[in-house]
Structure formats: structure tokens, C-alpha cells
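Produce the complete structure using the sequences and hints provided.
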Amino acid sequence: MNSIALGSVWMRKMFDSVPEKYNRLNRILTFGQDEIWRQKALDAIEAEDGTAILDICTGPGNLAIKIAGKFPNSKVYAVDLSSRMVAAAKERAMRLGLQNIIFKEDDCLHMEFANEHFDYITISFGFRNLSYSIANLKAALKEMYRVLKDDGKLVIIETSQPANALARNIFHLYAGKIVPRLGKLFSGHREPYAYLGASIVKFFNQEKVIDILKAQGFHIKRRSAYLFGGVTLCVFQKKS
1 MNSIALGSVW MRKMFDSVPE KYNRLNRILT FGQDEIWRQK ALDAIEAEDG TAILDICTGP
61 GNLAIKIAGK FPNSKVYAVD LSSRMVAAAK ERAMRLGLQN IIFKEDDCLH MEFANEHFDY
121 ITISFGFRNL SYSIANLKAA LKEMYRVLKD DGKLVIIETS QPANALARNI FHLYAGKIVP
181 RLGKLFSGHR EPYAYLGASI VKFFNQEKVI DILKAQGFHI KRRSAYLFGG VTLCVFQKKS
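Residue numbers (the working numbering): 1 to 240.
Among the clues, some could well be false.
As the list claims (entries may be wrong) - In silico DSS-like cross-links for lysine-lysine, where the CA-CA straight-line distance does not exceed 30 Å:
#, residue 1, residue 2
1, K75, K184
2, K21, K66
3, K149, K184
4, K239, K142
To be verified - Pair ranges (Cβ atoms, derived):
#, residue 1, residue 2, range
5, N115, A215, 17 to 25 Å
6, R27, L96, 12 to 20 Å
7, L166, D49, 28 to 36 Å
Rather than coming from a laboratory, the hints here were simulated on the basis of the structure. Don't be surprised by glycine CBs; every beta carbon is placed ideally from N, CA and C.
Structural data, given as C-alpha cells:
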């Protein structure tokens with residue numbers, strides 16, 4: 001088994017361990033801001049009747065459910081490696097009576113969708129999880145490029161690195177030291193939140209992300225920064 005496949009197995013196992021308390025902990029760790037940031041991603045979508053939208057690394061379906069609710073005449077697909085996350089997302093969508101959304105356990109490196117199928121691809125706080133190796137990230141981006149229509153858009157909301165040194169140091173202190181402790185306290189699981197903190201600290205800055213996407217055939221249409229640059233929204237378009 002190669003390193004990319006091993007990484008997928010490890011990621012699936014880790015996220016399978018935390019679905020019940022995932023949303024509650026996100027609210028606590030971000031002081032409720034994660035829902036506001038997802039709303040920014042939602043606002044970047046301009047869907048019409050029949051628009052096909054794919055949410056990657058959907059987790060418990062937070063952004064996908066928002067999209068399906070706002071655009072009831074669109075067709076929303078949402079994929080995640082974790083079967084337990086997908087099950088939780090399906091249950092939430094059923095409770096809300098959403099008919100235009102399909103959840104699927106799937107690896108975004110090898111998706112079963114046709115070429116140029118989607119008008120939009122969205123990722124909310126999952127892009128970082130694809131970057132544990134450059135090879136994995138490039139493979140994921142290649143697959144996104146394949147299933148996205150020409151001139152289709154890729155919307156990414158993700159943590160980043162504040163440009164200001166003081167803000168960056170505070171951000172790293174909170175993510176690297178406090179988040180793992182709070183995660184263990186409230187969930188009983190330290191490993192997922194130790195990973196979360198470490199991945200935030202080590203993740204690319206906004207310019208690096210843009211350079212990587214450009215090299216894979218996307219060009220930047222819009223970018224916005226929040227939390228002093230600790231969170232960024234980027235909208236890319238597939239070059240036709």
C-alpha cells in the first residue's frame with residue numbers, strides 16, 4: 001500500500017472516532033465562528049435550477065446541507081472518507097427534509113463521477129486534510145479538475161497563516177497547545193485534535209495555496225481573509 005493510500009486509511013479511522021461531538025466541539029473551539037465562515041463560502045455560490053454542486057470532505061455535512069437548503073432546485077452531492085461522518089450527515093439531511101442532496105462515502109482521490117460533471121466544488125475546512133503530502137494534494141486537485149466543468153468554480157474556506165507575526169504566534173499557540181487539550185477534555189479523544197492543531201500550524205499560507213492551485217490549472221477569482229488572516233476564502237475557476 002503506497003503512502004497516499006495509507007494516509008487515506010489513517011484519516012478515515014481518525015474521523016470515524018469523533019462524529020458525535022464534532023459539531024459541538026467546532027462551535028466551542030472557534031467560539032461559534034466556524035458557521036459564520038461557512039456562510040461566507042455559501043455566499044460565494046451563485047446557483048441556478050439544475051446547478052450541480054459537489055462538497056468534498058463534507059464531514060457531518062455542514063456546508064452541503066446549507067447549500068441544499070439555500071438552492072432547493074440544485075443537485076448537491078457530498079462525499080467523505082468517514083462512513084460515520086456520512087451517516088451523521090444523512091441523518092441530519094433527512095430530519096430537515098432535504099430532497100436534493102446525496103451523501104456518499106468516497107475518496108476524493110478516486111471519485112465515481114463523470115468528467116466535467118459539476119458547476120461548483122466546495123471544501124470547508126477539509127482542504128488542509130488533503131495536504132499531508134504534496135503528492136496527495138496534487139492527486140486530489142487533479143481529480144477535482146477532472147469532475148469540474150470548464151469555467152466551473154472551486155470554493156475553499158480554510159485556515160491559513162496570519163501575515164502579522166504577533167497574530168500568527170497567538171494563532172499557533174491556540175491551535176497547537178490549547179486546541180488539543182480542549183479537544184480531549186470535551187471529546188475524550190486527544191489524537192484527532194492534536195492532529196487538528198498540528199495541521200493548522202503547519203499549513204500553507206494563502207499565497208502558497210494559490211500557487212499550488214494555479215499549477216494545477218485553476219486561477220484565482222476572489223480571496224478574502226478573516227480572523228486576522230487565520231482563515232481565508234478563495235474562489236478559483238477552472239481554466240477552459
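Taking the hints in turn, this is what the structure says about them:
1. K75 to K184: Violated - the C-alpha atoms of K184 and K75 are around 37 Å apart, more than 30 Å.
2. K21 to K66: Cα-Cα ~19 Å, so holds.
3. K149 to K184: violated, 42 Å
4. K239 to K142: holds, 13 Å
5. N115 to A215: 17 to 25 Å: Since N115 and A215 have Cβ atoms about 20 Å apart, the given range 17 to 25 Å holds.
6. R27 to L96: 12 to 20 Å: Roughly 18 Å apart at Cβ, these two residues keep to the hinted range, so it holds.
7. L166 to D49: 28 to 36 Å: violated, 48 Å
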